[in-house]
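Undergrad: Here is what each chain is made of, one letter per residue.
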Amino acid sequence: MRFTLNTMNTVLQALTRWLLVLVLWSGCDGRESELNVVSCGSLVKLLNTRHNVRLHSHDVKYGSGSGQQSVTGVENADDANSYWRVRGQTKSPCQRGAAIRCGQAIRITHMTTGRNLHTHHFTSPLSNNQEVSAFGEGGEGDDLDVWAVQCDGAHWDRDVAVRFMHVGTRVYLSVTGEQYGHPIRGQREVHAMPTANQHNWWRAMEGVFIQPSAAPLRHDEL
Amino acid sequence: MATKGMNVSHVCCLLVCFITAVLAGRDFYNILGVTKSASIRDIKKAYRKLALQLHPDRNQDDPEAPDKFADLGAAYEVLSDEEKRKQYDQYGEDGLKEGHGGSHNDIFSSFFGDFGFMFGGNRQQQDRNMPRGNDIVLDLEVTLEEVYSGNFVEVVRVKPVAKEAPGKRKCNCRQEMRTTQLGPGRFQMTQEVVCDECPNIKLVNEERTLEVEIEQGVRDEMEYPFIGEGEPHIDGEPGDLRFRIKVLKHPLFERRGDDLYTNVTISLVEALVGFEMDITHLDGHKVHIVRDKITKSGARLWKKGEGLPNIDNINIRGSLIISFDVEFPLLQLDDNQKDGIRSVLKQSSVQKIYNGLQGY
Numbered sequence: 001m002r003f004t005l006n007t008m009n010t011v012l013q014a015l016t017r018w019l020l021v022l023v024l025w026s027g028c029d030g031r032e033s034e035l036n037v038v039s040c041g042s043l044v045k046l047l048n049t050r051h052n053v054r055l056h057s058h059d060v061k062y063g064s065g066s067g068q069q070s071v072t073g074v075e076n077a078d079d080a081n082s083y084w085r086v087r088g089q090t091k092s093p094c095q096r097g098a099a100i101r102c103g104q105a106i107r108i109t110h111m112t113t114g115r116n117l118h119t120h121h122f123t124s125p126l127s128n129n130q131e132v133s134a135f136g137e138g139g140e141g142d143d144l145d146v147w148a149v150q151c152d153g154a155h156w157d158r159d160v161a162v163r164f165m166h167v168g169t170r171v172y173l174s175v176t177g178e179q180y181g182h183p184i185r186g187q188r189e190v191h192a193m194p195t196a197n198q199h200n201w202w203r204a205m206e207g208v209f210i211q212p213s214a215a216p217l218r219h220d221e222l
Numbered sequence: 001m002a003t004k005g006m007n008v009s010h011v012c013c014l015l016v017c018f019i020t021a022v023l024a025g026r027d028f029y030n031i032l033g034v035t036k037s038a039s040i041r042d043i044k045k046a047y048r049k050l051a052l053q054l055h056p057d058r059n060q061d062d063p064e065a066p067d068k069f070a071d072l073g074a075a076y077e078v079l080s081d082e083e084k085r086k087q088y089d090q091y092g093e094d095g096l097k098e099g100h101g102g103s104h105n106d107i108f109s110s111f112f113g114d115f116g117f118m119f120g121g122n123r124q125q126q127d128r129n130m131p132r133g134n135d136i137v138l139d140l141e142v143t144l145e146e147v148y149s150g151n152f153v154e155v156v157r158v159k160p161v162a163k164e165a166p167g168k169r170k171c172n173c174r175q176e177m178r179t180t181q182l183g184p185g186r187f188q189m190t191q192e193v194v195c196d197e198c199p200n201i202k203l204v205n206e207e208r209t210l211e212v213e214i215e216q217g218v219r220d221e222m223e224y225p226f227i228g229e230g231e232p233h234i235d236g237e238p239g240d241l242r243f244r245i246k247v248l249k250h251p252l253f254e255r256r257g258d259d260l261y262t263n264v265t266i267s268l269v270e271a272l273v274g275f276e277m278d279i280t281h282l283d284g285h286k287v288h289i290v291r292d293k294i295t296k297s298g299a300r301l302w303k304k305g306e307g308l309p310n311i312d313n314i315n316i317r318g319s320l321i322i323s324f325d326v327e328f329p330l331l332q333l334d335d336n337q338k339d340g341i342r343s344v345l346k347q348s349s350v351q352k353i354y355n356g357l358q359g360y
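Residue numbers (the working numbering), protein chains in the order written: chain A, 1 to 222; chain B, 1 to 360.
By construction, these hints were calculated from the structure, which means they are not laboratory data. There may be inaccurate statements among the hints.
[What the hints assert, rightly or not] DSSO-like mimics (lysine-lysine), calculated; alpha carbons at most 27 Å apart, straight line:
{"no.": "1", "chain 1": "B", "residue 1": "K303", "chain 2": "B", "residue 2": "K286"}
{"no.": "2", "chain 1": "A", "residue 1": "K91", "chain 2": "B", "residue 2": "K249"}
{"no.": "3", "chain 1": "B", "residue 1": "K246", "chain 2": "A", "residue 2": "K91"}
Modelling step: build the complete structure from the supplied sequences, incorporating the hints.
TA: Written out as structure tokens, the structure is:
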């Protein structure tokens with residue numbers, strides 16, 4: 001009888017110790033992922049992991065297709081024209097600092113020109129895929145500016161590659177390596193293609209990531 | 001004799017008090033100018049305000065400036081950390097377990113950026129010769145509640161930082177004309193790209209936390225710069241990161257300067273007999289309204305001091321202007337009710353025709 005009581009005691013102790021470890025471990029994990037997510041309102045540079053170029057735009061229009069502002073991939077990491085802002089949709093804005101969920105529909109706005117990442121039924125100039133442009137004024141374009149973030153897990157983690165699927169035409173933001181000549185020599189073509197493959201993985205790199213704020217102080221009367 | 005004894009004990013008392021005060025360490029709450037129950041936001045706000053005033057570069061003729069600044073940094077470091085603040089509240093400065101880790105410049109730059117101490121004026125002088133990286137401008141959306149009460153936004157900046165790398169790289173590349181001799185008296189001029197040799201640099205991504213203050217009364221389009229937190233330049237200094245405030249529209253209140261406008265629809269009965277109501281303000285406190293006279297449609301009530309705080313002096317507030325409109329009942333009156341109303345209101349027929357659009 002005493003023998004079984006003793007073993008029960010040690011088993012219980014071991015169990016509680018493991019429970020504590022699990023709780024602490026899961027607790028710590030939760031906090032870390034909170035700090036490393038991409039949140040609403042953040043500014044970010046997106047790196048195509050297969051071709052090592054960053055999503056980029058500038059005041060240069062396509063010479064064919066829609067004639068709208070072009071979107072390319074660049075090799076250097078220190079150009080402010082590679083910054084894009086993560087925003088909610090026009091009718092359903094996201095709360096500043098809230099982590100973007102996997103599957104959430106967002107708009108991706110070019111910082112310096114205020115135009116939204118956009119795609120439509122036009123052919124891309126070099127690879128004959130679907131043309132991706134920067135469209136709109138002052139951050140407002142149309143329904144074809146909406147992209148869904150595809151990833152595993154709960155939120156868009158900064159350390160993990162994700163895919164961007166266009167909600168309007170069901171294609172993926174991709175790079176396959178074709179290069180432009182003058183006047184944007186060396187920049188890669190960014191287009192959209194219907195298949196999910198190794199060419200449409202993107203990772204959040206440099207940026208300004210907004211953390212969620214506490215609500216401002218309230219002075220509710222009794 | 002008695003007085004002499006008292007004097008000695010007086011002095012002893014003072015001495016003991018003085019010694020304990022010195023030994024107990026610095027009063028961090030006093031240094032920051034906050035109460036013991038100050039919130040983390042109050043502490044950040046106090047640090048930011050005092051850091052600008054006490055920075056040694058701004059007080060070059062005060063020999064105690066570096067010490068005062070160091071005290072301020074130490075106070076913020078302890079009181080902004082929950083654990084350290086608990087220990088300090090219980091045991092005083094001596095009770096703190098580790099020594100003060102991060103440099104005080106680190107704390108300063110999380111509020112103002114890396115070269116914040118240049119304070120605007122000095123920066124212009126450097127601009128002409130040194131190439132600068134791009135500036136980054138981020139639109140920061142704020143709610144009217146935040147404009148009323150203030151807030152802090154924590155931001156993680158991931159940026160490429162130049163680090164030394166082995167070997168050399170080409171820098172300061174330029175076009176030069178080269179003259180080559182092809183034969184006696186015959187020369188050819190060609191253009192060549194000539195570069196200098198510089199120590200090699202690689203860009204490595206580093207993370208740091210920045211604190212952006214949403215000041216009470218902040219206006220739309222106001223900018224908060226963080227010097228040196230923009231894009232790097234491989235041959236020069238980094239650009240700046242600027243947060244541009246965008247005040248969001250509010251469903252209840254409209255802002256005009258420091259004044260707030262709101263509308264209330266009341267029933268015809270309330271307009272005629274009077275009413276009492278509360279409007280919940282942006283920070284939750286209630287604005288009480290009592291009317292016992294007739295309220296016309298379009299009537300305005302001016303509540304002084306219930307607007308937004310002024311950004312330059314938060315003790316001055318604008319007004320809350322409440323405009324009333326009347327909702328008429330949706331019913332058909334029978335002849336008895338019509339007679340009843342005529343006798344109660346005793347208002348004779350008016351039927352005045354006039355041009356309402358030209359102010360006649």
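Undergrad: Against each hint, give a clear statement of whether it holds in the structure.
TA: Here is what the structure says about each hint:
For the suggested pair K303 of chain B and K286 of chain B, the alpha carbons sit about 12 Å apart, so the restraint of at most 27 Å is met. Annotation: proposed proximity of K91 of chain A to K249 of chain B holds, straight-line Cα distance about 14 Å (limit 27 Å). With a CA separation close to 18 Å, the supplied pair K246 of chain B and K91 of chain A stays within the 27 Å bound.
Checked against the numbered hints given earlier, this structure breaks none of them.
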